[in-house]
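S.K.: Add chain Z to chain P, keeping to what the hints say.
Read off the chains here:
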Amino acid sequence: MIVTLWGTRGSLATPGPETERYGGNTSCVSVHGREGTVLVLDAGTGIRPMGASLGPAPRRVDILLTHLHMDHIQGLGFFQALFCPELDVHIWGPASTQLTLQARLMRYLSPPLFPVYIRELPCRLHLHEVGEAEVDIGEFRVASARVCHPGPTVGYRIRDAQDKVLTYLPDHEPALGALTFPALPREWTSGAVLAEDSDLLIHDSQYSAHEYHDHVGWGHSSMRHVLDFASLVEARHLVPFHHDPGHSDADLDRLLSEAIEEANPAFRVTPAREGATFRL
Amino acid sequence: MPSKPIQMILARQLASSLATPIFLMDAEGTLIYFNEAAEILFNQRFEETGEITANEYAKLVEVTDEDRKPIPYEQWPTRVARIHRRAVSRTIWTRNRNADWRHLQVTIIPILGEGDALHGVMNIFWELS
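For the record, the sequence lines run as chains P and Z.
Reading the first sequence from the start, the letters are residues 1 to 280 in the numbering used here.
Reading the second sequence from the start, the letters are residues 1001 to 1129 in the numbering used here.
These aren't lab readings, by the way, just hints derived from the structure by calculation.
Heads up, a few of these hints could be off.
Have a look at the derived ranges for each label pair, beta carbon to beta carbon [what the hints assert, rightly or not]:
(1) Z:Thr1091 with P:His128: 40 to 50 angstroms
(2) P:Gln98 with Z:Ala1027: 15 to 25 angstroms
(3) P:Gln98 with Z:Gly1050: 29 to 39 angstroms
(4) Z:Ile1040 with P:Pro15: 53 to 63 angstroms
(5) Z:Arg1086 with P:Ala183: 25 to 35 angstroms
(6) P:Ala183 with Z:Ile1040: 16 to 26 angstroms
(7) Z:Glu1039 with P:Val135: 37 to 47 angstroms
(8) Z:Glu1062 with P:Glu262: 18 to 28 angstroms
(9) P:Glu86 with Z:Leu1112: 49 to 59 angstroms
Chain P regions said to be covered by chain Z (calculated; three or more residues, Cβ under 8 angstroms) [said to hold, decoys possible]:
(10) 95-107
(11) 140-147
(12) 173-179
(13) 192-200
Built from N, CA and C at the ideal position, the CB exists for glycine as well.
The following block holds chain P by itself, in its conformation from the complex (with noise of 0.2 angstroms):
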């Protein structure tokens, strides 16, 4: 498979000088199989660009989402291939224990924060409510698991027919209220068990060590936590995701080195980058 960074940064896209390296864009990440399937995993505003690179359209697009706030579905009312009449796109989402998945978007997706009704889009559209399942779409087998993280949130792993695994965790906080972390085991811990042995793992790592401290709770990771929580599931390269708007490329090159030399990871550490590319 090859996955491709579109967008990296959390909460706001912050574009600018300051932030031109890593990327201002909000979650999105495509997976392209050898054979064609293609997913695309949350629609921050990266989707538009990643939406404007697909060239002749494939038949299907799946749109994998996490979870349903703004930084990661701002972008989905700008993919074409929402509006290609001859496209099948499926979206895969949490529902609440309240609401399904498509009342749920139709918060977003209809006036006054958007002019058209999801209903009117000229695709195809199908939508999929996920928690704790494990589906077969194309070549891929994809895996969701609930994960602590405010709201209904999933994490996701994504298997090729190599048995390359790839877990997508943008937005996800297992150190929530443990006094020591990681000190229980996988199956104990949000997220361990569908991250283990992934050869490529992307996972949130929003805060420094002194920000979590102040923002304990609010679904995030700090660097440190998310080395510490790639060693418990064992995975061979993290991708630290998910840059808090407010640090510079600067300021993520210094968090980063930092982190890795108080921790001294055993796998390779590749901060999140704005169009790169990871071949599996």
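M.R.: Relative to chain P, chain Z alone:
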């Protein structure tokens, strides 16, 4: 080993930070966690016991009503809450194996997730005497 449901992971995180004795049972009735405050009820630490299945638990524990009449297993508050998916609050006497009898108010809350799926029950104890 499969992951515990996120609802139970969060319940354990909460229980582990409280001074109130708490047991967590999963949807099958297996005791999957008790916190430090509950060790006095069990005379053991969770690290020593590990998980205890419903059958093992029923053999380890005695439960009586206020008049010290044994409560049949089918009517144990934790089982009623789990099977009937409703909150239960009751005063009981209980002891585990060789521990002393304890007079307790117990409140059990079913933990229900999306689609009303039962993930387990949280047993909260108050010592009365």
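S.K.: Give me the numbers of the hints this structure contradicts, sorted from smallest to largest.
M.R.: Structure breaks hints 8 and 9.
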